[in-house]
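Asker: Residues per chain, in single letters:
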Amino acid sequence: MYVKARVRIWTIADFIENPVEPLQSLVEQIGPRRPNRLIETPRMVDLTGFGAFLQRLRNEGMQPRLMGEFPVGDHPHRTDPRQDHIRLTT
Amino acid sequence: MTAGFVMMCHTELGRAAQVARFWAKAGAPVVVHVDGKVGQPAFDAFAHGLSDLDNVSFSRRFNCEWGTWSLVAAAQAGAQQMLDRHPQVGHVFLASGACLPLRPLAELTAYLAARPQTDFIESVTAADVDWTAGGLHDERFTLHFPFSWRRQRWLFDRYVRLQRRLNYRRPVPAGLEPHLGSQWWCLTRRTLTAILQDPDRARQERYFRGVWIPDESYFQTLVRRHSRSIESRSLTLSKFDVYGKPHVFYDDHLDLLRQSDCFVARKVWPRANLLYRRFLDQKIPAAAGADPDPVRVDRLFAAATERRTKGRAGLYMQSRFPRRDHENGKTPAPYAVFHGFAEVIEEFEPWATKHLAARVHGHLFAPERVEFAGGAVLQPGCLSDSAALRDYNPQAFLTNLLWNARGETQAFQFGPRDTQACNWFMATDPNAQIAVITGAWAVPLFRSNRDFADLRREGLDCKRSNWRIWAFCARCMSRRGCGSGRSPISSKTR
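Residue numbers (this note's numbering), protein chains in the order written: chain A, 1 to 90; chain B, 1001 to 1494.
Don't read these hints as lab results, they were simulated from the structure. Everything numeric in this text was worked out from a predicted model, so none of it was measured. Treat the hints with care, as some may be off.
[Stated by the list, open to error] Cβ-Cβ distance ranges computed for the label pairs, FRET-style:
| hint | chain 1 | residue 1 | chain 2 | residue 2 | range |
| --- | --- | --- | --- | --- | --- |
| 1 | A | G31 | B | A1303 | 28 to 34 Å |
| 2 | A | N59 | B | P1444 | 41 to 47 Å |
| 3 | B | D1128 | A | P35 | 30 to 36 Å |
| 4 | A | K4 | B | T1125 | 37 to 43 Å |
| 5 | A | K4 | B | D1281 | 52 to 58 Å |
| 6 | A | E40 | B | V1377 | 29 to 35 Å |
| 7 | B | D1128 | A | G31 | 45 to 51 Å |
Ideal Cβ positions, reconstructed from N, Cα and C, are used throughout, including at glycine.
Work out the full structure: start from the sequences and follow the hints.
Answerer: What follows is the structure in structure tokens.
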């Protein structure tokens, strides 16, 4: 027995960087409720300071894994999607 | 020329009498063999009921046991009596008491008259047979079977095993090539006479007495010696289930049987009143001149057999509970699992509900309660939102939900806090569409704005979440590349 599920994995850093593509692939796979409509991209959680937070966790001796590359600095990470809408290719 | 019927009866003599009367009144002679085990009073009543028909006669009675020579002996005696007493008979049709004629006799007679030299008997070389249930094919012809399979199964099996171990093989008489087939045949007078008057008959009989289930091989083998023209198929429609037992036809099969255009069907449930009434009513015309066409019946029964042996994808039931990892599909339909999306996206569930053609649940495996879509307490099939009930058998919970909701794609959130019991099940299920954002578990912690003394206390939680997500991803990706083609722990390289 081996894996047969359709599995897709993104780190949170990658996802935040560009959420449109992953979301688009989800909508395309599951199917849109109303076809031929633009789908607005959902609002991301504000992750300003998340990198610093992770660093503080590390400083406290914990080890958060699988985060991807989050800058430690205080400058806000990009949270607004580059596109406002998901366009379905199919 | 007409057809003559040899009927082998052992139970339900009332129905057998109806059928014998149907053929006899239409002008076909009938020879009835009644099993020797039927008591004399029952036999007398049966014979008396048919005494007004002068073309019905009774042959010498043998005590018949399934799978033994007695059945062949009874058929031989009946056939001989038919040939001796009714010179006008061109074809002899072997039928059972549970057979039901589906078409008027005149149509069968016309069909046979157009093929006066043809023997209708299924006859397949033993090596090519794949329908035998029980695993004995050509060994039927090369081993001894002194014990009854029905009553002395233990001895039967041991004796077969012993002969196999000793590599024992009984010689097949020269000139015989073993063939198998349905025991319900229709042979020409010429071929049947040749078989019964074979100069070698005594030796053949000695041999076939020791063959297992000779009623499926005696005539089928000898016809290859004597026939000029064999149609290797039975004019009797009969189906067998996966255990090698004959299927029984009921009233529900009326249309199916009518459309089959077969002449005779077996075996029919004795209390299928509708079938007997409909097919024994001479006044209703049938499809004149049509060739028997059991394809539809074959297809339907093949589908039924497949459904029975394989079951429905994603249906688990007490009567056929599939072995783990050998199901015919673990779940009935595709479903989506979102790991980490609700943490990273504001209002993800409402968004997904609005835009995805799916029923979007919350964390179905949350420790407090099952978060059904819309906060529902119950789902179809009376699935409750109780976490305790769900955790009693999480996998059955998931398969029940998916089965009951067939027709609507199900989607749910999943995370490290949730019951993890179904991970392997989902990872090995082709219907599962799993999307994971790793690291998202830390976002609620980050947003809680609690001071670090608290968070430290949750350090264990952090460790557990790390591990659980890593384990989940590892499961999902084990022995195969995942969608993104990267290991879950390697960071993005650009």
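Asker: If a hint holds in the structure, say so; if it doesn't, say that too.
Answerer: Going through the hints against the structure:
{"no.": "1", "hint": "A:G31 to B:A1303: 28 to 34 Å", "verdict": "29 Å, holds"}
{"no.": "2", "hint": "A:N59 to B:P1444: 41 to 47 Å", "verdict": "20 Å, violated"}
{"no.": "3", "hint": "B:D1128 to A:P35: 30 to 36 Å", "verdict": "53 Å, violated"}
{"no.": "4", "hint": "A:K4 to B:T1125: 37 to 43 Å", "verdict": "42 Å, holds"}
{"no.": "5", "hint": "A:K4 to B:D1281: 52 to 58 Å", "verdict": "56 Å, holds"}
{"no.": "6", "hint": "A:E40 to B:V1377: 29 to 35 Å", "verdict": "32 Å, holds"}
{"no.": "7", "hint": "B:D1128 to A:G31: 45 to 51 Å", "verdict": "49 Å, holds"}
Figure legend: structure checked against the earlier numbered hints; hints not met, in rising order: 2 and 3.
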